[in-house]
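Engineer: Starting from the given sequences, assemble the full structure and let the hints guide the process.
Those protein sequence lines, which keep their order, are chains A and B. Using our numbering, the letters of the first sequence correspond one by one to residues 306 to 895. Using our numbering, the letters of the second sequence correspond one by one to residues 6 to 213.
Simulated from the structure, these hints should not be mistaken for laboratory data. Be a bit skeptical, because a hint or two may be false.
Stated by the list, open to error - Between beta-carbon pairs, the in silico distance windows are:
# : chain 1 : residue 1 : chain 2 : residue 2 : range
1 : A       : R337      : B       : L35       : 46 to 52 Å
2 : B       : L76       : A       : V506      : 32 to 38 Å
3 : A       : L754      : B       : L103      : 58 to 64 Å
Owing to the predicted nature of the structure, the values given are computational and were not obtained by experimental measurement. Yeah, the Cβ is synthetic: ideal placement off N, Cα and C, and Gly gets one too.
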Amino acid sequence: MGGGFFFIIGGLEALLIRIQLFFPNNDFMVGREFNELLTMHGTTMIFFVAMPLLFALMNVAVPLQIGARDVAFPFLNALGFWLFLAGGILMNLGWIFGNAPDAGWTNYVPIAGNEYSAGPGIEYYVLGLQVSGIGTLIGGLNFLVTIINMRAPGMTFLRMPLFTWTSFVASALILFAFPALTAGLFLVMFDRIFGTAFFDVALGGNPVIWQHLFWIFGHPEVYIVILPAFGIMSDVISTFAKKRLFGYTSMVFATMLIGFLGFMVWAHHMFTVGMGPVPNSIFAILTMAIAVPTGIKVFNWLFTMWGGKIQFTTAMLWAVGFIPTFVLGGVTGVMLASPAADFQFHDSYFVVAHFHYVLIGGTVFGLFSGAYYWWPKMFGHKLNETLGKWHFWLFFIGFHLTFFIQHFIGLFGMPRRHFTYQADDGLTLLNQISTVGAFFMAIGTVVLLINIIVSAKKAVPAGNDPWDARTLEWAISSPPPEYNFAQTPRVRALDAFWHEKMAGNKTLEPAEPLGPIHMPSPTHLPFFMTLGFFISGLGWVFRSVEVGVLGLVMVVLVMFIHSFNHDHGYYIPLKDIPDANNDPQKGAKA
Amino acid sequence: MASIETQTQTHADAPVQLEKATLEGRNKILGFWLFIGAETVLFACLFGTYLALQNSTMGGPTQGELFSIPLVGLATVILLTSSLTSVLGIVGMHENNLKKTQFWFGVTVLLGVAFLVLEIYEFIHYTNEGLAITTNAFGSAFYTLLGTHGAHVLFGVIWITSLMIQARKQGLTKVTAPKFYVASLYWHFVDVIWVFIFTVVYLMGKVG
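Structural biologist: Below is the structure:
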């Protein structure tokens, strides 16, 4: 919900940007306002849309796919959600109080320093990201522990569904990438609020340190948002092609390799900083190397579909539409990975086109695919397929109209982040086509909203396994009971549920006797802990040390209260557990 | 709870350590190891920043002029000893000896406080010598790295103290044992970071 809300805000910001660029010399949103729009659009889409929506899908699918009752730390899970929401609200308060961050989503110093960015805008950015970053970090930690410690008996690592695998690797990337952002944000905050000299050249500081720290975080972040999307595609494609995923093991290793290489390539964002030819070449070659495991994945998806009985449901359409779109984004990525070419493309619309192809063509298509795929599991009813196909085609065509053209806008010389261009630049028509495409995408999104409402009103029960799918989550009722599995299942193969179906079994063999189930008690403490962080953040924004410290004291106090809490949950008694695993008829109706 | 018991059955022959007796305890310990991984990255970034800026003294006092190895050596000895005492506390926990656990963790806390006092004295001294956090980029990087470590020590002191209060009321149970274990992991980690600070900041600063 939160992520969807921010998706609409971020989308509206994008529309305003495109409206400004509809006519040459337009004066709809210029100067600082335009900078604020760009900054907030980028930051919102990455941190408050892509990340939380992926986490939402992980929360739905990962525990179910590995046969676990819950995530390892339910308390941290709730805390992570509240922190993300508080961070998003904190940053967007900048709009209301008249000064949104305006230094780009990369927040480069010295633009983000006091000298060029007076007013509290950058503070909103720094503290909003700091708060939501803590939330993301503990979210990633939670999924790592869940996947390592809480797999059902028989669920070996090489039997885990690909979405779980990619979530696992993405969580590991979060764990090692986000602290770099935390460190960098602290340095900016100290420079702005306490007058330190990290980035102040006159006192010996060095602005390039921020670029390194930001991209040591920022490049893995790209893979954090794309890998789970790869996982969704893999699960969706194998489900709707009715085939085992081609080259499962190579997919797993490609995922790990991409995750590893993702950390080795941050400096390719800095070719033009003046690092010199040797570092540039090393980072160029490492960057291009990522194309190899990514190519393996693309071919595996194609081979999975090859000879399969493909059903073009909406979820499958998004997955199939993703393949050529993402490949195009990957190809321009390799072009940008060549330093010589990058000196030409740098900060032009070509770069904008490239990363939108990867982020929308990859992550957003993946999120849509996953939403249509898991919707019946989450809510017990499917989304309307006709409206879903309208949504797909409007968004898909609009997307290519908007961004394919931007490659040429960039090659013809239009720099990114500029709020206008001249009539005799010859870019008017191209920019107008791009803007029209953006409106197609917006209409597509409206169709999705209508679809959600219409489908919820009808709410035709979809049953446990509407797609005739392969993995564990489809073996239990939709929506799942709060304890997920009445009895932890025993896993005997990859695509565990499919294996049992092919063996003629209606259900999974339980690995434990039916018994009372332990549940954590609901608690409001994560909310109050987040409130502490929020108050602290606001205090620093307004440069009040007292309020800033007060908020942190509140955080520590809530930690104490939580630690001394004697309530260790409760048991669901046997009589309240419908025996869904042994009685498929009853389970199907639930 | 049934699933938890089936999962521990494989270890049924060996005595299960108290902190690893429940799935929650094992989750906590694994989660904490991963958290230490994240903290390592945080400190690595601060070390990198320090190394990049350590020569930007811009005419202010240099490392060679400021640092006094005997004082810092004393702080190092105090902190490393506190690592040992926290291990003794865990030994006490494995013997199910609450008194011993409380005693050694109490010593750990006192040593931590002593370290902090020394560090505060050191910071005041340097400020009087002309190096504040806003003086130059070296000062900013130095105080940020050291201050972050000091804040970790302070947090550890508060944390262990509150655990001791908890243990006085509840004793050593499946709930409190993983907390002690994790806190001692944290304490070791903070000490290891200090070893790096001692080497990279003080020894290398004095030599170079």
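Engineer: Next, verify each hint and record whether it holds.
Structural biologist: These are the hints, each one checked on the structure:
no., hint, result
1, A/R337 x B/L35: 46 to 52 Å, "holds, 48 Å"
2, B/L76 x A/V506: 32 to 38 Å, "holds, 33 Å"
3, A/L754 x B/L103: 58 to 64 Å, "holds, 59 Å"
Going through the hint list in order, the structure satisfies each hint without exception.
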